[in-house]
Amino acid sequence: MLINHPTLGPRDASEFVYKGDAALIRRPAPDAPDALEQFIDYGYLRDNPAGAHRELWFHEQGDRSWLVVTRDTLTHEITDVELARDVARREGRSK
Amino acid sequence: MPDLIAITPLGATRPRIDSHGPVTLTEVTDRALASVAARLGHEAQTAALVTSLIGAPAPGPARMGGTDLTAFWMGPDQWMLDAPIETHEDLAHQILAQAKGATSVTDQTGAWCRFDLSGDGLADVLERLTNANTRAFTGGEAQRTAVEHMGCFLLCHSPRHISVIGPRSSAGSLHHALLTAIRSAH
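Protein sequence lines, in the order shown, are assigned to chains L and C.
Each residue of the first sequence is one higher than the last, beginning at 1185 in the working numbering.
Each residue of the second sequence is one higher than the last, beginning at 4 in the working numbering.
It is worth saying that the hints were derived from the structure and are not from the lab.
Model, not experiment: these values are computed from the prediction.
By construction, the Cβ of each residue, glycine as well, lies at the ideal position given by its N, Cα and C atoms.
All clues given are correct.
Label pairs and their in silico Cβ distance ranges: (1) L/P1194 to C/E46: 23 to 29 angstroms; (2) L/A1213 to C/T109: 29 to 35 angstroms; (3) L/R1248 to C/P87: 25 to 31 angstroms; (4) C/G14 to L/E1221: 55 to 61 angstroms; (5) L/E1221 to C/T70: 58 to 64 angstroms; (6) C/L7 to L/Q1222: 52 to 58 angstroms.
Could you build the full structure based on these sequences and the hints that come with them?
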């Protein structure tokens, strides 16, 4: 499997480590009134879609960037790859 | 002061040189390394610092640049600076003096070992060890990839001269892997 790295081009999947659902970028605010419930969701509850799934991959044996990869869990087809920091900044995080 | 004896990454007092077929494998110990990483919001200043240090544009992804003092790209807004240790033993401090808080500077000299492959047929050797498309290298590439499960940098000075920079604590394993691949390929 190849992952088309946004800056480095196609690189072998063996250079990457899977880091889970991309929703992990959205860490809840610890001072919210329902912070406990939000953190239980954040820590334990995951969607398990049969189809397109946004997930985090870490380029451990490469430039050590974190990526958000959109992968079809049925076919393994990868339709989109972005730097996680670009995604986070677009969502107003990582200021 | 105690009389200390400097040793190379392979544990000898002199750098090791091996030749087999058309390829020479040389342990390189006369380079100083320091990494620079932009602090948040200071990406442009860091690129400008690298540019002023090497006297050439800061290298883009998977590239290197410069002549005497050189830099290669490590990751987004991160570079490794490479200079002769004779004149730049305190490379990190020299850079830190110019960084003005915009950049994190880390001395990397003692963290890495470097082996230079020179001669013909280097792609035949490296294709046995890495995923990197070394056959397409023309000069100026600087790729971080795995060599025998070790995270290494491959620096292509020219297709007949490629440096492998790997973790110093695994110098023996890396040297063994390179030598075995050279003997296999040639």
